[in-house]
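> Sequence:
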Amino acid sequence: MEFSNPTLRKYRDDRRRLLEFVLSSGLIKEIRTPAGPTTSFSSINFDSISTDYVLECINSGGVLDVSQARKRYYDESSQPITFLQMHLRSGDVYYLHSDPNSMGSPPFRMPPPMPMNHADFVELSKSETNYPAGKKSPPLFQETRKNCQVTTVPDLNCMGNTTVLSAVLPTLKTGFSDDDLRESAYEVFLACMMFSRVEIYSNEAKKRERSARFLGGLKNRREKRHVEHESPDRNLKIHETIRMQMQISEATDTLIRRRLTQFASGKPCGDIDVPQLSLALLTGILRTDFPSEKSYIHWKNRQANVLEELLSSDHNKNRKQMIGASLTKIRNPEEWDLKMSPSERSDFLLVIRQVALALTSMPGRFGIEGETYYWTTGYHLNIRLYEKILCSVFDILEDSQIIEESEEILELTKLTWSMLGITQKLHHALFAWVLFQQFVATEDMALLDYALCEVDKVLSAEMCDDREVAYTNSLTSSTFSNGHEMRLSLMQSIFLSISSWCDSKLQDYHLHFSKKKLFFERVVTMALSAGNEDFVPHISSEFTGVGTSSVLVTGKIRGYVEKSLDAACRRVSFVLYLSIINFCDCNHNKVDLWSQVTCSPSSEYIKDTIHPLVTLANELNLIVEEDLSIFSPVLSQWYRECAMISAKKLHQFYGERLKPFLRDVTCLTMDVRKVLSAAVALEACLIKLHTSVCKETKSPSANGPAFDYFPIAEISGPIILDWIVAQHERILEWTARAFELEDWEPLSLQQKQAASAIEVFRIIEETVDQFFEFSLPMDIIHLQALLSIIFHSLDAYLSKMSIQLVEKKFFYPSTTLTRYKEAAFPIVKKKVVEHSILDDEVHRQLDILATSKLCIRLNTYRYIQKQITVLEDGIRKSWEAITPCRVYGCSAEMTPGSLGTSVDLNDESVTELFVATLDCIRDSAGHAIKRTCDFLGAKIVFWDMRDSFLFNLYHGGVEGNRLDDLLPQFDSALNNVCRLIDETIRDLVVSSIYKASLEGFVWLLLDGGPSRAFSDTDISMIEEDLSVFEDLFVANGEGLPRSLIEEESKFVHQILSLFSLQTQSVIQMLMESSEHISVDTTSPRYAQRYLGDAETLIRVLCHKKDREASKFLKRRYQLPPSSDYGETSSEDSSFHSPLLADIVKRSASFRWSDKSQSSFKFMKKKLQEATWDIKHVTWSK
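So for the sequence shown, our numbering puts the first residue at 1; every next one is plus one.
For the record, the hints were derived by calculation from the structure and aren't laboratory data.
Be careful, since some hints might not be right.
What the hints assert, rightly or not - Ranges between beta-carbon positions, derived for each pair:
1. 254 with 321: 33 to 39 Å
2. 342 with 27: 38 to 44 Å
3. 878 with 967: 49 to 55 Å
4. 629 with 803: 33 to 39 Å
5. 983 with 911: 53 to 59 Å
Unchecked claim - In silico lysine-lysine, BS3-like type, Cα no more than 25 Å apart, as pairs:
6. 821 with 809
7. 800 with 930
8. 648 with 659
9. 425 with 414
10. 10 with 294
11. 649 with 688
12. 563 with 516
13. 320 with 515
14. 809 with 866
15. 853 with 821
16. 674 with 659
17. 237 with 294
18. 71 with 294
19. 674 with 648
20. 648 with 688
21. 930 with 808
22. 808 with 1050
23. 1050 with 1111
24. 821 with 866
25. 674 with 649
26. 563 with 457
27. 29 with 10
28. 930 with 809
29. 173 with 329
30. 877 with 800
31. 649 with 808
32. 320 with 300
33. 877 with 853
34. 853 with 866
35. 425 with 515
36. 821 with 425
37. 517 with 648
38. 414 with 329
39. 317 with 173
40. 517 with 649
Built from N, CA and C at the ideal position, the CB exists for glycine as well.
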């Protein structure tokens, strides 16, 4: 026996194909039949031959006797019940002819029970089972019990003990199997096609027709297309498709078609009913037409069962007894086939035919055109047959697919309506039911869409006349719910069953529709469309599930939400219970589990254990996320407040379990942090779920607090502040220690900053990460405290770096002013200038601040600037991420209406905090970079190169001490700096060196001392040297911009231009600016000078190799002649100070003494007093 189960059908089809393949592969040398040897397989019924016998024949020599194969098959079928068969009946295993491994994984459901004998035979079907998620359940149609047949729907997922209402038809008395219904349905379908004069040719007739068309001549293309569409070829193709879909063998189809052709030839078109069809087949088909006696007996009994189902409802007692006796003889093989002659069998069938004709001639109950007696008395069989015909549109190899010829098959099914009593509306209802059952079995959403379309056609169909309504209402159906029987019309029962299945899933949609948004939406639509309380179509209703009032729809959706949440909470509670047991086992606590866990936040934390409240929050978070993304967007189409209900219920559920835990929280242990963070994250999701509806509706809930917020902010706020204060001391301590260990060496060629800066930022970033890992409600005060400790830590680090720099004033040598005069007696003893000695601490600092270490400091400053930006971005993003927690957590009165204003105000305050802290650090680092660059440039020029640049360049004359000898030193210094410095500040550092070099040039020209005096020729050579020096820093376009070079050297060129002026012109300029001479005794610096000031002009006259200038300086200012001072270099040991030579050898810097400065002060005063007289004096040699 075979079932409607598609998996079993696949196994049977595979068995047929395998046997056919084996027989056609050459392994069998000869096939013997009762008619003799054959090579054709058309006469072989593969379902009734033994596979074991076929394999034995292959092994023994390759000769197959079909009769022996059939006998062997029936012998195997009649074997006593074995242990394995007992398991089959219990539903533990399947008994398969083939290896299930070749077909993939085995089925995950129970098979139907096997009947023991005909008396106990009941129609088989699948019982309701549980299937794993993602597994396809097989299609299910009917389950026959002793008094009624119930069509049940299997679970799409595990449903526990959920009861699903089922459509019920009166029980078939004769115990039709699924195969019996399918084969009878095919006979009905084929008969209706043939009696409607749909031309179906056999294969031989098809060949003859094709040959005749070929010899008949040509037709135009359009006519050809029309003929092809209406030709028997197309009808034959559809017929073949129907035959294969209904799994009818070619031999059986040929037999039935031949008999129906003979029967239809003498009958008018369309004049036939089911009893006449069975009688016609019994009359014209004999025992010899079947390949085996068993198949004939089975076919004959099926025809007798059809007659009994349709004719036994006659209320005439005599005719009923006569029909019963006749059918008993038909079922008896010995009496019907052996004892009775053909004429006697014809007489028996004639008597039955007369009764059937009498019943057929009776008028219909409702006066519908074409109505017969069997419409109402045999509807329990007719509806089943029509369902089997409709099932032929599903691909037998792929249950979820509808075949391409489905529209043509459905069009042909209309031919059966008059025979089976089907109306247009009843067709749509039954097709919706068939599609829905297939959807439940395969979980293919396309089938559900088709079913929705059919339901739509039922609901939106025009109202039929009273006779059709009365007829459809007469087709009653019994539905059982919780042990109680309900009598409904067939259409009502179908819709109720669909609605009940949908309800059973939607009452726990969190379980059944996880991550299936479209699936969920279609099921909700079907539930509301089929769930009309009176099951009466509404003409004006659109297909949105609103066939009923909005109040009923709202009530159903609210019920779905509440029941599904209850079910989800029950599952979560069980998970929580298991988590509590595991947590308490790890903590060796087995007494009063829940109270111990919820009321002991300070319990010792054990690694790899998760607090039950964290587990609960995580599980609820998953539910909320699915509500946000899947369920609420769908349900809000019918009931906008569904998200609010979910948010409030879940918040209350978790709050009841959280509050006992919060009462005893006093410090942030690991468990406390995890529980509070999980609670805050859950509340944020619940708020998001709640506000997702508030944005779209004017619900009163949108104008006030959604629910009582967890009091986490009041508990965690002070604790977090205490933690931040404790971190401040720790960071300052680590910062000081890192700085003390710093040696100012680069980490690598790529990382040129100091290791201490990386360590400081690592400590800060760890603190920031820990701060935001709390994931707790925070106020701007917490952010202010965090930024404050960052500011103080970095400010302390920058201060330690900056305080080590030496003032630039120690670099610049001071000189005494003299007038130019050549020495008349070189052997005369010269004066020696007195020098001041640098402090030992300053000297030590200068030794520490080497060029390479200064470059690392500059890189570190730049690294701090970059990291501050990265740190700020990270803090801003993290702060924005916890904004919902801050706003809702800190103010229970906050509403969505005031949320925007509060967030804007907080954003302004946050910006001000960053400006007051991190921006200040960034600016401080920028100032430190500028200061250090200036220091580095001055140190390279005035300290590292003081001997070669300040003391030797142009010393004693320009021509013998040109810049050419000095350029390699500058080039080496620049290469060294560029190798060590960060690329982003390279130009800034090189620019500072260039500026310091120009300042050195100015010093040589204006403060070079008695040994330097310049003639016009010397000035030309100096200008050439300056041009070469500029090209060095331009570096063929790879160095500083030419525009910057020219701008910075402009003042030096102006000084050189003063030396080129006539002496009298310079004196005149001096007189005009003498009133502005400063009374400051210190030597003015380069950055403070300008071209026309008196101090600059005096120094030009002092270093001008001109007698007129010398005479002017002697007469008016009594300046000593340069010849009075020795021409010793910085390395000469003739200095009088015993420490001077040592200072020079150590490359120390020096200044002129205070005595020299006082003489310069006296000269300034003298110049101011004599200004008027000088203006009127004519100078002569």
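> Decide, hint by hint, whether the structure agrees.
Going through the hints against the structure:
1. The hinted window of 33 to 39 Å between residue 254 and residue 321 holds, with their beta carbons roughly 37 Å apart.
2. Between residue 342 and residue 27 the CB atoms are about 43 Å apart, so this pair conforms to the stated range of 38 to 44 Å.
3. Distance hint check for residue 878 and residue 967: the Cβ-Cβ separation is about 54 Å, which falls inside the suggested range of 49 to 55 Å.
4. Here the CB-CB span from residue 629 to residue 803 is close to 58 Å, at odds with the stated 33 to 39 Å.
5. Checked against the hint of 53 to 59 Å, the C-beta distance between residue 983 and residue 911 comes to roughly 31 Å, which is inconsistent with it.
6. Pair hint residue 821 plus residue 809 does not hold up; C-alpha atoms about 30 Å apart against a cutoff of 25 Å.
7. Our distance criterion of 25 Å between C-alpha atoms is met by residue 800 and residue 930, whose separation comes to about 17 Å.
8. As the CA atoms of residue 648 and residue 659 are separated by approximately 16 Å, the hinted pair is consistent with the 25 Å bound.
9. For the proposed pair residue 425 and residue 414, the alpha carbon gap of about 12 Å is at most 25 Å, so the pair holds.
10. Restraint check for residue 10 and residue 294: the C-alpha separation of about 23 Å stays at or below 25 Å, so the hint holds.
11. Straight-line distance between C-alpha atoms of residue 649 and residue 688 comes to about 14 Å, which keeps the hinted pair within the 25 Å bound.
12. With a C-alpha separation of about 19 Å, the suggested pair residue 563 and residue 516 falls inside the 25 Å cut-off, and the hint holds.
13. With a CA separation close to 59 Å, the supplied pair residue 320 and residue 515 exceeds the 25 Å bound.
14. Distance hint between residue 809 and residue 866 is unfulfilled; the C-alpha atoms sit about 32 Å from each other, more than 25 Å.
15. For the given pair, residue 853 sits about 45 Å from residue 821 by alpha-carbon distance, which is inconsistent with the 25 Å threshold.
16. Simply put, residue 674 and residue 659 have alpha-carbon atoms about 15 Å apart, close enough for the 25 Å limit, and the pair holds.
17. A C-alpha spacing of about 31 Å is found between residue 237 and residue 294, which places the hinted pair above 25 Å, so the restraint is violated.
18. Between residue 71 and residue 294, the direct Cα distance comes to roughly 10 Å. Compliance with the 25 Å bound is thereby established for this hinted pair.
19. Distance check on the hinted pair: residue 674 and residue 648 sit about 23 Å apart at the alpha-carbon level, within 25 Å; holds.
20. Restraint check for residue 648 and residue 688: the C-alpha separation of about 12 Å stays at or below 25 Å, so the hint holds.
21. Restraint check: the Cα-Cα separation between residue 930 and residue 808 comes to about 13 Å, which is no more than 25 Å; the hinted pair holds.
22. Our distance criterion of 25 Å between C-alpha atoms is met by residue 808 and residue 1050, whose separation comes to about 23 Å.
23. Among the hinted pairs, residue 1050 with residue 1111 is inconsistent with the structure: their alpha-carbon atoms are about 30 Å apart, more than 25 Å.
24. For the hint linking residue 821 to residue 866, the alpha-carbon distance of about 58 Å lies beyond 25 Å, and the restraint is violated.
25. For a cut-off of 25 Å, the pair hint linking residue 674 to residue 649 stands: about 23 Å separates their Cα positions.
26. Our distance criterion of 25 Å between C-alpha atoms is broken by residue 563 and residue 457, whose separation comes to about 31 Å.
27. Of the pairs offered as hints, the one joining residue 29 and residue 10 is violated, with about 29 Å between alpha carbons and a cut-off of 25 Å exceeded.
28. A distance of roughly 17 Å separates the Cα atoms of residue 930 and residue 809; the hinted pair therefore holds under the 25 Å criterion.
29. Distance hint between residue 173 and residue 329 is fulfilled; the C-alpha atoms sit about 18 Å from each other, no more than 25 Å.
30. The straight-line distance between the Cα atoms of residue 877 and residue 800 is roughly 31 Å, outside the 25 Å bound, and the hint therefore fails.
31. Distance check on the hinted pair: residue 649 and residue 808 sit about 73 Å apart at the alpha-carbon level, beyond 25 Å; violated.
32. Simply put, residue 320 and residue 300 have alpha-carbon atoms about 20 Å apart, close enough for the 25 Å limit, and the pair holds.
33. Simply put, residue 877 and residue 853 have alpha-carbon atoms about 36 Å apart, too far for the 25 Å limit, and the pair is violated.
34. Pair hint residue 853 plus residue 866 holds up; C-alpha atoms about 20 Å apart against a cutoff of 25 Å.
35. In summary, the hint linking residue 425 to residue 515 is not supported, as the alpha carbons are separated by about 35 Å, beyond the 25 Å threshold.
36. Taking the CA atoms of residue 821 and residue 425, the gap is about 131 Å. The hint is violated against a cut of 25 Å.
37. Between residue 517 and residue 648 the CA atoms are separated by roughly 23 Å; this keeps the pair inside 25 Å, and the hint holds.
38. Proposed proximity of residue 414 and residue 329 is contradicted: the alpha carbons are some 36 Å apart, above 25 Å.
39. Pair hint residue 317 plus residue 173 holds up; C-alpha atoms about 18 Å apart against a cutoff of 25 Å.
40. For the given pair, residue 517 sits about 22 Å from residue 649 by alpha-carbon distance, which is consistent with the 25 Å threshold.
Consistency with the previously given hints fails for numbers 4, 5, 6, 13, 14, 15, 17, 23, 24, 26, 27, 30, 31, 33, 35, 36, 38, ordered from lowest to highest.
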